[in-house]
Amino acid sequence: MLLTLKNIGKSYRSRYGQVFRKVLDALDLQLDEGEKIAIVGPSGSGKTTLLNLIGALDTPDTGEIIFGSEVISEWNQNKLADFRNRKIGFIFQFHHLLPQLTLWENVLIPTLPLKSDPEAAYQRAEELLRTTGIWERRFQKPGELSGGECQRAAVVRALINEPDLLLADEPTGALDEENAAGLSKLLTDINEQKKITLIVVTHSMELAEKMDKIYLLKNGALALADHRPASKKRV
Amino acid sequence: MSLIKLVIASIRYYFKSNMLIALGMAVSTAIITGAFIVGDSVSYSLDRTVYYRLGNITHSITAGDRYFSSVFARRMEQGMEYMTSAGLIAEGMGLADGGQLRLENLQILGVDEKFQEMSIAQREIFQLQPGEVVISENVAARLNLDEGDMLLLRIKKASLIPLNTPLVSDADQTVARQVTIKAIVGREDFGRFNLQATQTAPFNVFIGFDWLNDIMDLEQKSNIIFISTANNDAKNEIAEKLRRELQIEDANLQLQYLPEKAVWELISERVFINSSLSEKLLDTLPSAVPFLTYFVNSMRHGDGDTPYSFVSSMPDSLLSGSEIIVNQWLADDIQARPGDTLSMEYFEIGPLRELEVCQTEFIVKEIIPVLGSYGDESLVPDLPGLSDAGSCREWEAGIPIELERIRDKDEEYWNRYRGTPKAFISISRARELWSNRFGDYTAIRVSSGAADEQEIMNLIKNSTDPFSLGFRVNELKKGGIQAAQNGYNFTQLFLGLSFFILVSGVILAALLVIFNLEHRIEQIGSMAAVGFSGKMIRKIYLTEGMLVALLGSLVGILLAVLYGKLVFIGLNRVWQDIVRTDLLEMVIRPLSLAEGFIISMVVSWLVIMLLLRRQLKFSITQLQKKTIVGHRDWVVRLKQGMMVALVLVAAGLLLWQFFSGKELNSTVFLGSGAMLLIGFLLMADLRMLQTEEKPIDRMNMRSLSYKNLVRNRTRSLTVIILLSLGTFTVISTGSNRANLAADAQVKSSGTGGFLFLAESTVPILKNLNDPDIKNEFGIPDSLEFIQFRTYDGDDASCLNLNRVTNPRVLGVDPDALKDRFSFVTVTEFLDESDPWASLEKDLDDVIPVVADQTIIQWGLGMKMGDTLHYVSERGDSVRLKLIGGLANSIFQGNVIISADNFLQLFPSSVGTSFLLMDGAYENRDQLAEELNFAFRDFGWDMVPAVERLAEYASVQNTYLQIFLVMGAFGLLLGTVGLAIVLARSIYERRNELAVMLSAGYRFKQLFGIILREYNALLLAGIASGLLASVIATLPAFLSGYQNVSFSLLTFLTGIIILNGFFWIMLVSAIQLRNLNLLDALRND
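These protein sequence lines map, in sequence, to chains H and S.
Its first residue numbered 0, the first sequence is counted upward by one per residue in numbering that gives the first Met the number 0.
Its first residue numbered 0, the second sequence is counted upward by one per residue in numbering that gives the first Met the number 0.
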């Protein structure tokens, strides 16, 4: 088992510590290596919160997050940072590329804290940029590229350290149909070719349907959706 | 929705950023308006000083070293619309506490009851009884005196005869009296009375006019008439009255009838009759016969030797220049007969009583009876101590008398005939031998048959131009007001001193405006997209900006008042060295506030307009996509060209300075430093542009930091500019602080290598380098003296805030100063191999003069080659041409001419009262003790030369201190700029930083990246400022006169760097701590 979430609870609190919204409540999830799932749900249901907890960007109020055999929810910030760097790849709705850097420079950013062989990183970057079809654009800056190209660069950035788990938060949310379709394909291809576990949080059923499983997040808990409408349907 | 509503809504929405902009503008307004307030206040205070020092006195009449009848003052006011008061001013010194406390340079003021009316004194204090004095507060403070206490006053005694007049004794120059303090007076009671245009308070001792006359053995004599009139322009009227009212006794002349000779005889109380007067009189009355009587040491013939005799003159018609007529007594004494050769020996008396024994020979033409048509005692002038002595052994002449040479028969002659001349030579020969700067004749006689008394009186009066005798009408009030109004312009000074803060404030405000516009760039784009014209958008943002500027400027006016108050606290306390008065009062003139406000608003308008134009030139798409990048190639090429040109020109100038062999010119270095600074800033800009454009092949943390650094070049460059300006100011100021002690003994330094400088209240009449005189005073032979004659004027040094036109003139033998001091500016008239010798050059109608360059430029407001105008003792207008400027020296405040020229201008000048002394540095303490003891009765005010130089340097250092404070404040603004840019930058980059965190970066690593970025900016700013400032102040580093403290420099640089580091770390830590990762990722 790659990832296990046990009895996860998360609430948002006011400045004075009072709970004003319970987002996740006794949530459980288990995920195998190479699996790809989609998490859908209405706005404000806690999809991004759940993704942030899985990605070690946030910590749960209750419960445990176990990655492999280790309980990461008990780790300190430095260890979590290392964990994110080595094991997790993030893709956001907005690419958040650094405008002052070229694509090449942007995708290499996660390699810097690693202190590993840069040549290997450059090779991986080249391979990924070629795979994603933006190799020719590598010396251009985000301001000079389309949204789809930037998002593909964000995918390369997420994959550059060869993570075990790829987390995508509304990856197609800011893209047009064509670019969204392209990115969906890219993500599923990566999952299949590199056997990287993929969790996608999305409103797009088109993207969700490309996953092995679709979970519906409602009332703070995940429920496996038992049917997959073929049409594009917003949940 | 109207425009104004939109604008107000925007101001409210962007309240924080607008308030920051307003604050930046408030700082600039405060600096500009504050400078106006300081300037106004100093100017007002100097005007008030004129009131405190002169009261209702508007004019004065003085007559050089002459004393005239006090009745003259009363005659001067008869029939006129002004009031006069006769005064007697002397110098003195005070001793209290049994001699433990001593104060030189007292201004002893003999005043009468009318002085009270002219004063501003609130109390009736100037009606003084014998033995009573009123003293100013500063005297009381220095001598620790209270009302009713006793004070020993030693006063320089007035002498009707100039003290260096040949044959006049120099004994008893001072007189001492124990006095009681009747009152201690402050400024409200006229305690600051002063005739000199300066804001510093003199040490005043007021004393009853009659009693001061008694003390000095004078009879109703005065040397000044105070005049109070409602008309400040009454000078001509007073001068005319002076011409009409001057009587011969006021010119120290006496007309007496000698019945036995049936002649009218004109003599002078000053022994010698002023030559301009005698020339005019002899021209208008040809029958008048001049006489010149002198005291000779010896007359010899064969073995015969008659000591100490008076010899007089006869008209040229009676004997030739080589002939002498002797009386019977002398002929018998030395066995001389007509045709014999008579040898005469006499003293020729030099300017400092140097005695030169001169010898000359005559052929005896005739022998005449002791008493006869020419032989009479009345030909001998009234020489105190000589002509009035009871016997020969009681003589107290101004020359040494060998009493052993006096024989009984000489005593007998004296008893019988007194000083009756024993011989006569022709008047031409007599003039040739004995005429001097005080006059050509000792008497002029007119036969009673040629003119009656009234006719002669009229002739004398008509021949007597008071102004050629040294009388002057001084426009005290008018001159004082002019000096105050033209004094140091503190507005300019403080604008100059705070220039960098001003620039920093404007840059900071501009930076904040840019932030604001950048923040709203999409808004601008949207407005353009929905059809707002560029003009309309500009109008909206300009209105908003100007409303913010209005608020900032109004706050700035309030800050200006606070700033002014702080400056005045500084000037009255910490920085008192530059104002030397506690009289500074702050005034706030509405006009100045309005000026500051308007200037500030205009600057704001310009800044906002320029930035709007810059921002709005981009396309709508660019604005909406926030993709304003790039630059124009020609701009880059221009910047490259400018950078290369500036660096090359600066380097060329520096090389030229070093290899031309000329004096290092600080302006050239400052200019080179400024050019290099701009060059460095351009270099930084271009370097950032290069970094921005060049892709990184091999990524690492460092390259990532540098890429981030150029994310917004304008901001980064602004931070560098702010920091470099602040550093430049602080370091160049610190480097210029003069530390003079190390070079005090160097002859080319500002001390001239002299050990001591002294000023004496009682002039030194003798040549102190003469071994006999040294022996007389008990001073070591090893000491070398340079003695200066002085003609009083106003203090033109940097200690005086008033603009003076006639500084004190020093007269010196130029040879004595050879190879001393350094000249920084020269003219064609100055021989650079021996500059001092140029003071003796004959420049036709002008007299060469040198002065400190700083004083020429700032104190006098003149330049090299300009001329100063003085009136000579004879009333002639003379021009002194500035031929050389000295590096900062102990002569500050004075102008220097040659002693020969000095005596031509001011022939009655008495002795020397400004002295420089050179001796063994190791023995300086002992020498100081000996000198202070030797000249204790001369009002000897001696300081080590380096101390005097340091006193002047303290003014410069105080200005630099203010500059340093301002520079530090500017640096603070730079740091604030850095902090704002940093905080803003982290805020704007929060998504990027969050992504980096999500990609596994630790907070520590992000912190490191930010630190590296901003430390690079900090170091670039400081390094460019430091390097440029070091170049700009190279003369100070390289000169021998200013010992730059490298430890101070290192300390300042260290403080600047640490301060920057501290703020970068603090702001980064706070901003990163406040960075909410999840919010940042959620929020675009």
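The set of hints was computed from the structure by calculation and includes no laboratory data.
Check each hint, because a few of them may be wrong.
Said to hold, decoys possible - Computed list of lysine-lysine pairs in PhoX-like fashion (alpha-carbon distance at most 20 Å, straight line):
| hint | chain 1 | residue 1 | chain 2 | residue 2 |
| --- | --- | --- | --- | --- |
| 1 | H | K86 | H | K209 |
| 2 | H | K193 | H | K78 |
| 3 | H | K5 | H | K184 |
| 4 | S | K1003 | H | K114 |
| 5 | H | K86 | H | K35 |
| 6 | S | K234 | H | K78 |
Subject >> Hints not upheld, ascending by number >> reply: Numbers 1, 2, 3 and 6, in rising order.
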